[in-house]
Amino acid sequence: MTSADPIIVETTERIFRDLADPQAINSADDDAWRAPLWTALEEAGLTVAWLDDALGGGGASIADGFAIARVSGTYAAPVPLAETLLAAWLLGRGGIEAPTGRMTVAPTRTKDRIVLDADGRLVGSVHQVPWASASDHMALIAAQADKNVVALVETGACSVIAGTNLAADPRDEVRFDGVTPLKTAPAPEGLGERGLRLMGAAARSLQMTSALEAILDLSVDYAGERVAFERKISKFQAVQHELAKLASETAAAMAASGSAAKAIGDAEAFDDRTFMEVASTKVRVGEAAREGAAIAHQVHGAIGFTEEYVLHRFTRRLWSWQDDFGSESVWAAEIGKMICAGGPDQLWATITAA
Amino acid sequence: MAKSIEFDALGLPPEAESLRGEVREFLDAEIAAGNINPNNAGGRGSFDRAFSKRVGAKGWIGMTWPKQYGGHERSYLERYVVNEEFLAAGAPTQAHFVADRQSGPILLQHAPEEIKADILPRITRGECTFCIGMSEPDSGSDLFAAKTKADKVEQGWRINGRKVWTSYAHQSDYMIALFRTAPPTKENRRHGLTQFLVDMKKPGITVSPIPFMTGGHEFNEVVFDDAMLPDNSVLGEIDGAWKQATSELAYERSGPERFLETYQVLVELIGALGDKPDLRGAEGVGRLVAQLNSLRRMSISVAGMLAAGKEPVLEASIVKDLGTNWEQALPAKARDLAAFADVEPSNRPNFQDVIDHATMIAPKLTIQGGTREILRGIIARGLGLR
Ligand SMILES: Cc1cc2nc3c(=O)[nH]c(=O)nc-3n(C[C@H](O)[C@H](O)[C@H](O)COP(=O)(O)OP(=O)(O)OC[C@H]3O[C@@H](n4cnc5c(N)ncnc54)[C@H](O)[C@@H]3O)c2cc1C
Chain A
1 MTSADPIIVE
11 TTERIFRDLA
21 DPQAINSADD
31 DAWRAPLWTA
41 LEEAGLTVAW
51 LDDALGGGGA
61 SIADGFAIAR
71 VSGTYAAPVP
81 LAETLLAAWL
91 LGRGGIEAPT
101 GRMTVAPTRT
111 KDRIVLDADG
121 RLVGSVHQVP
131 WASASDHMAL
141 IAAQADKNVV
151 ALVETGACSV
161 IAGTNLAADP
171 RDEVRFDGVT
181 PLKTAPAPEG
191 LGERGLRLMG
201 AAARSLQMTS
211 ALEAILDLSV
221 DYAGERVAFE
231 RKISKFQAVQ
241 HELAKLASET
251 AAAMAASGSA
261 AKAIGDAEAF
271 DDRTFMEVAS
281 TKVRVGEAAR
291 EGAAIAHQVH
301 GAIGFTEEYV
311 LHRFTRRLWS
321 WQDDFGSESV
331 WAAEIGKMIC
341 AGGPDQLWAT
351 ITAA
Chain B
1 MAKSIEFDAL
11 GLPPEAESLR
21 GEVREFLDAE
31 IAAGNINPNN
41 AGGRGSFDRA
51 FSKRVGAKGW
61 IGMTWPKQYG
71 GHERSYLERY
81 VVNEEFLAAG
91 APTQAHFVAD
101 RQSGPILLQH
111 APEEIKADIL
121 PRITRGECTF
131 CIGMSEPDSG
141 SDLFAAKTKA
151 DKVEQGWRIN
161 GRKVWTSYAH
171 QSDYMIALFR
181 TAPPTKENRR
191 HGLTQFLVDM
201 KKPGITVSPI
211 PFMTGGHEFN
221 EVVFDDAMLP
231 DNSVLGEIDG
241 AWKQATSELA
251 YERSGPERFL
261 ETYQVLVELI
271 GALGDKPDLR
281 GAEGVGRLVA
291 QLNSLRRMSI
301 SVAGMLAAGK
311 EPVLEASIVK
321 DLGTNWEQAL
331 PAKARDLAAF
341 ADVEPSNRPN
351 FQDVIDHATM
361 IAPKLTIQGG
371 TREILRGIIA
381 RGLGLR
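Quick mapping for you: the protein sequence lines, in order, are chains A and B.
Sequential numbering of the first sequence, starting at 1, is according to this note's numbering.
Sequential numbering of the second sequence, starting at 1, is according to this note's numbering.
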């Protein structure tokens with residue numbers, strides 16, 4: 001895989017730093033920051049980076065798109081950037097031109113299925129779709145007979161039952177009830193709902209990794225400032241060891257999510273090897289999120305439990321992102337079934353295959 | 001802080017992957033000849049000089065060292081592949097493992113030329129075994145409390161004192177030891193220790209076994225009673241061993257031996273659960289495999305940094321802490337996950353034996369080579385907390 005274009009990374013960083021400082025957003029009285037942030041991301045071509053130039057996208061590499069997602073996590077991305085990126089990517093797989101505006105993808109959960117019926121209408125419902133209620137369009141994987149199709153649908157044409165995750169970001173139910181998509185195209189061979197979930201899981205894992213880095217930095221800084229018993233709390237060995245564990249969990253997330261992005265960048269298709277790498281990543285990063293968020297809160301004491309302090313912008317997203325595009329439990333069971341079906345003698349070959 | 005930690009995604013290069021095929025062929029032949037018991041996968045590989053010589057003949061000891069000293073100038077990533085394949089197969093590597101991982105690189109850096117020319121080629125041929133003489137009765141985690149003395153005399157150095165927990169001292173040709181050559185100073189309590197090369201055949205050295213709780217014999221007590229060492233056995237700076245230790249740690253702490261020592265438990269668990277496990281078993285296995293996969297990614301990433309000439313001490317400590325905790329917890333998790341599986345004696349005869357063994361050796365995994373608490377202290381230092 002080629003590594004990410006530094007200009008894209010810098011541009012993304014600059015926009016978020018200037019327009020989405022987590023502390024400033026946390027203290028803001030209203031949503032006025034939201035529109036300028038989105039406009040800047042859109043104008044820089046970042047939202048549809050993964051779509052071919054010819055289809056109205058940025059023509060960026062897989063590595064570039066994942067790098068954008070990685071940066072967005074550092075700022076606890078309060079906008080559907082990863083979702084729009086994923087939607088543009090999916091549309092691109094079907095050769096469909098991307099509309100402007102916010103987008104999201106579905107299905108994102110194992111049990112949700114969308115069917116395109118013989119009359120070209122969408123049937124089914126999907127749950128906990130990230131940012132659906134705030135999106136203009138959705139890119140879908142739907143089953144038509146025994147084939148998969150990519151479909152572009154206007155969100156306004158569907159019934160959306162709004163909900164939120166525990167970070168107060170939209171997680172919505174969407175019912176299709178016979179809606180006719182704006183466009184459909186056959187999905188490429190080997191790309192189905194699992195492929196979409198893997199792509200989403202990799203993007204989310206990268207965002208989670210950055211959020212873990214952010215809470216590690218916040219916690220180390222805080223421990224170096226806060227005084228108790230006439231010492232900085234960072235001088236207590238118990239605190240040092242908890243922070244060391246947080247650093248190790250963050251490191252595990254870095255290694256895992258980096259290799260998931262690389263696996264997808266290098267892969268021809270969403271085959272078993274890509275599955276192993278990406279599914280393992282979502283499991284491991286989810287576990288790191290759980291352990292890491294708990295440590296960060298413990299080190300912060302009461303201040304970390306307030307609305308005013310910025311920590312919750314990251315920890316609440318870490319908790320909810322665990323569920324997106326497959327939780328640890330869901331992916332682990334899929335991995336375990338595959339490994340057990342292969343039997344004990346196949347284990348080492350599978351682990352070393354990637 | 002986060003920015004000081006680096007774990008770049010790294011694939012193994014094609015030459016490493018083609019080497020894997022060669023290594024597997026070699027191991028298959030050894031298994032077929034009855035030289036390896038596959039049920040020993042992980043840390044049960046034993047001490048077998050004849051095996052080490054065959055490995056040396058393949059060019060798989062001292063792989064990264066200069067050709068001048070019998071090395072092969074291959075990359076750390078190729079060495080990584082050989083290492084993990086041997087571990088997963090349960091190969092009896094103990095007669096060359098320490099020399100290959102630790103002692104050889106120390107000699108390369110710090111030994112006088114004539115010593116390097118003599119000993120390093122013998123290590124690469126699998127003919128020369130090493131042990132590590134650091135711990136003493138009153139000096140474990142706190143290495144700088146070591147008391148065993150080396151006094152400068154006319155004929156060289158005279159050694160008096162006692163090392164303990166010295167793995168395989170009874171089988172080793174040489175030891176690399178830490179001796180006190182001067183008292184610590186007020187400003188620097190780490191001052192005054194020197195690394196030495198000890199020829200274990202010298203008079204005045206007595207090795208006696210300290211049996212493990214499992215009954216095995218790896219530990220020894222090594223007593224020095226006016227043992228004499230020549231001048232050229234000093235490795236590096238006199239009184240300055242503390243400056244030499246750091247870079248070694250990265251090699252010593254980040255390899256796959258830091259998470260594969262109980263690997264066979266996972267293999268047996270999968271056998272015990274069968275090809276259609278219950279959901280609990282499937283999820284449990286999936287988590288373990290995902291965790292193992294990420295450890296392997298981390299370890300490969302560190303090998304890549306070593307290959308690039310970096311000193312990833314913080315990253316290596318992270319790999320060892322996460323890795324040893326994982327391999328330590330594995331037997332208990334496997335026991336839980338297999339609780340409702342149909343573990344018939346005919347199904348997988350080794351399940352219980354492997355779990356029992358791993359359960360008993362589990363405690364040592366987070367002690368040997370630097371305890372969990374010491375590692376977390378190093379990580380905390382890397383974060384700027386100490
Ligand atoms: C299987 C095995 C093989 C070994 N082989 C060798 C060998 O070949 N050569 C050799 O020289 N040594 C060897 N050792 C010894 C090993 O290096 C020591 O056991 C290890 O360094 C710990 O020292 P200790 O046992 O004296 O424990 P101690 O240092 O006494 O530690 C006891 C407990 O106190 C904790 N502790 C100590 N200091 C601190 C601190 N500052 N902060 C917080 N907690 C602390 C430790 O983490 C540990 O939990 C081996 C050990 C084992 C288990």
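Since the hints were derived computationally from the structure, they do not count as laboratory data.
Here the structure is a predicted model, which means the values were calculated and not measured.
You may find that some hints are simply not true.
Said to hold, decoys possible - In the DSS-like style, the derived pairs of lysine-lysine whose C-alpha atoms are separated by at most 30 Å in a straight line are: (1) A/K111 with B/K276; (2) A/K232 with B/K3; (3) B/K3 with B/K53; (4) A/K235 with B/K3.
Each hint, compared with the structure:
Proposed proximity of A/K111 and B/K276 is supported: the alpha carbons are some 21 Å apart, at most 30 Å. Note on A/K232 and B/K3: the hinted pairing holds, with a Cα-Cα distance of about 22 Å set against a maximum of 30 Å. Taking the CA atoms of B/K3 and B/K53, the gap is about 44 Å. The hint is violated against a cut of 30 Å. In summary, the hint linking A/K235 to B/K3 is supported, as the alpha carbons are separated by about 21 Å, within the 30 Å threshold.
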